[in-house]
Amino acid sequence: MNLNELTAHEILDLIKSGKTTPADVHDSVNKAVQNTDKKVKAYVRTFDVNDHDLNTPKAGAAFPIPIAIKDNISINGKETTCCSKILAGYKPLYDATVITKLKNAGSLFVGTANMDEFAFGSSTENSCFGPSRNPWNLDCVPGGSSGGSAAAVASHETIWALGSDTGGSIRQPASFCGVVGVKPTYGRVSRYGLIAFASSLDQIGPITKDVKDSAILLNIISGYDEMDSTSINTPVPDYTKALTGDVKGLKIGIPKEFFIEGLDAEVKKSIEDAIEVFKKKGAEFIEVSLPHSEYSVATYYILATAEASSNLARFDGVRFGLRKQPSTLRKSPIVDMFEETRDAGFGAEAKRRIMLGTYSLSSGYYDAYYLRAQKVRTLIKNDFDKVFTKCDAILGPTAPTTAFKIGEKSDDPLSMYLSDIYTIAVNLAGIPAMSLPCGFSKAGLPIGLQIISKNFGEETMLRIAHTYEQATDWHTKKATLQ
Amino acid sequence: MLNYCLMITKEDVEYIAGLARIHLKEDEIVRLTANLEGILGYVEKLSTLDVSNVEPTSHALPVKNVYREDIVKPSLDPKYALSIAPQQHNGAFKVPQVIE
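Chains as they are written, first to last, in the working numbering: chain A, 1 to 482; chain B, 1 to 100.
Any given hint might turn out to be false.
To be verified - As a list, the in silico PhoX-like pairs of lysine-lysine whose alpha-carbon atoms are at most 25 angstroms apart:
#1 K331/A / K10/B
#2 K85/A / K31/A
#3 K64/B / K85/A
#4 K477/A / K38/A
#5 K25/B / K331/A
#6 K79/B / K324/A
#7 K375/A / K64/B
Unchecked claim - To be clear about the criterion: a stretch of chain A counts as covered by chain B if any three or more of its residues have a C-beta under 8 angstroms from a C-beta of chain B, and this derived list gives those stretches:
#8 138 to 148
#9 217 to 231
#10 254 to 267
#11 370 to 381
These aren't lab readings, by the way, just hints derived from the structure by calculation. Note that the structure is predicted; figures quoted are calculated from it, not measured. Even glycine gets a Cβ: it sits at the ideal position worked out from N, Cα and C.
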């Protein structure tokens with residue numbers, strides 16, 4: 001067994017008992033990156049870990065665990081680009097709060113992971129560096145937008161990773177790559193230093209090889225931060241204590257709207273099998289309804305693009321990143337500079353979303369689109385509030401299909417958007433959710449089980465996931481890298 | 001379901017691109033016209049819902065204004081902030097001519 005194939009908690013145990021060293025752990029991951037990343041392309045850049053990092057004994061909970069960081073989380077002095085040409089060469093002048101916490105905990109930073117440009121996408125095909133590959137089938141996408149982070153974990157090119165989730169960007173790639181991904185409650189983890197996509201929906205979270213690692217990483221990154229006024233000041237429990245392996249008496253809701261046309265038969269079968277596992281463990285199931293589910297994708301693509309068009313206004317060639325000097329005068333020297341910088345810097349999907357968001361916020365359309373979508377968001381949120389008076393958690397698929405082929409959906413934005421149909425409503429409601437492996441298709445591609453909980457219900461959610469993991473061995477399967 | 005009859009013209013796309021400060025090329029304008037029409041056509045399903053008595057949600061959690069004491073604290077050194085600027089001049093960000 002190679003060290004890079006272990007979980008963080010297994011490595012921490014080996015270190016404690018003196019059976020391995022920080023340098024061995026680092027070498028093992030480093031070799032995997034050198035041997036495997038040519039095929040997987042999970043990373044857009046890697047860092048040098050120096051002897052000081054390895055030899056300075058640290059008491060931190062994450063020392064000496066290597067971690068991959070999505071390319072939209074600021075690391076002081078390290079190029080951070082959101083996989084967009086408009087941020088080429090941009091080196092943040094400060095650490096994101098999650099990076100400060102990881103540094104204090106003794107993390108070793110392997111590199112920055114590929115993503116769809118500004119997290120706009122579900123496949124990493126929108127990255128200016130080109131797509132990452134799915135470690136289970138190199139012709140398939142790893143999902144997105146945190147596809148590089150998920151692929152790095154699944155190919156054992158890191159021990160664990162951070163992603164961000166605005167509409168499913170942690171859970172869907174975790175599902176496609178056969179790993180565990182957690183979208184915490186909105187406000188649980190500070191967004192300070194996360195380059196914003198849709199500020200009312202974005203949340204940073206762990207991508208790991210098993211549920212216990214997600215609990216450990218969540219312990220490290222959670223908590224109130226005065227630098228993020230939307231972070232919530234409630235105590236952070238020890239999430240590992242929630243992993244009791246027991247779901248007796250818990251009531252789990254199955255939304256009838258999740259089992260609809262478009263859900264792949266193999267995915268459906270795996271979810272039904274998972275329900276049987278939970279029944280044997282003593283969980284009780286009830287059918288519930290989320291009647292506004294079918295409106296969630298439409299609501300999301302109005303609200304998220306409106307927020308994105310506003311957030312991305314800052315990329316104008318003035319203070320950082322790319323600047324294009326116009327060669328001819330069209331409107332005025334400064335407006336030409338803005339317009340040509342943004343034309344050259346943004347990729348096709350970024351332009352599409354900025355345009356859509358600008359349209360729905362523009363005079364005459366605001367009430368019909370943006371305000372109406374905000375009201376439908378209320379209806380979607382109310383659906384969940386109602387369901388959670390009857391059950392402790394909701395269970396269903398993470399994505400309607402397994403990983404699709406590279407290029408299969410890239411010409412059809414709407415069909416790409418619909419691959420997020422089960423994950424998007426969760427962000428609109430702000431509640432936590434996670435994906436964990438629950439089987440494979442006949443073609444050998446992983447299938448993800450989604451567990452959704454109420455606000456700050458991470459402990460119940462992790463407890464349910466951990467119980468399932470204890471009863472199955474999907475999480476121990478190794479990606480083929482072919 | 002309402003009949004969908006929304007139409008996006010090339011001029012609409014050029015107008016929006018101006019608001020968004022993006023100089024689009026001709027082929028992009030053509031593609032985005034079709035894309036926006038398709039996506040807005042799909043979004044039209046929101047108009048089938050009665051939301052007349054529904055409050056809008058701008059934020060998932062009920063966090064209201066967050067105040068802090070107005071105390072001056074150290075912030076980014078201007079020299080440091082300018083170190084990553086595309087162009088700088090005399091301690092400021094340099095931009096093309098703004099006033100004619």
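Practice prompt. Return the numbers of the hints above that this structure violates; sort them in rising order.
Written response: 2, 3, 8, 10
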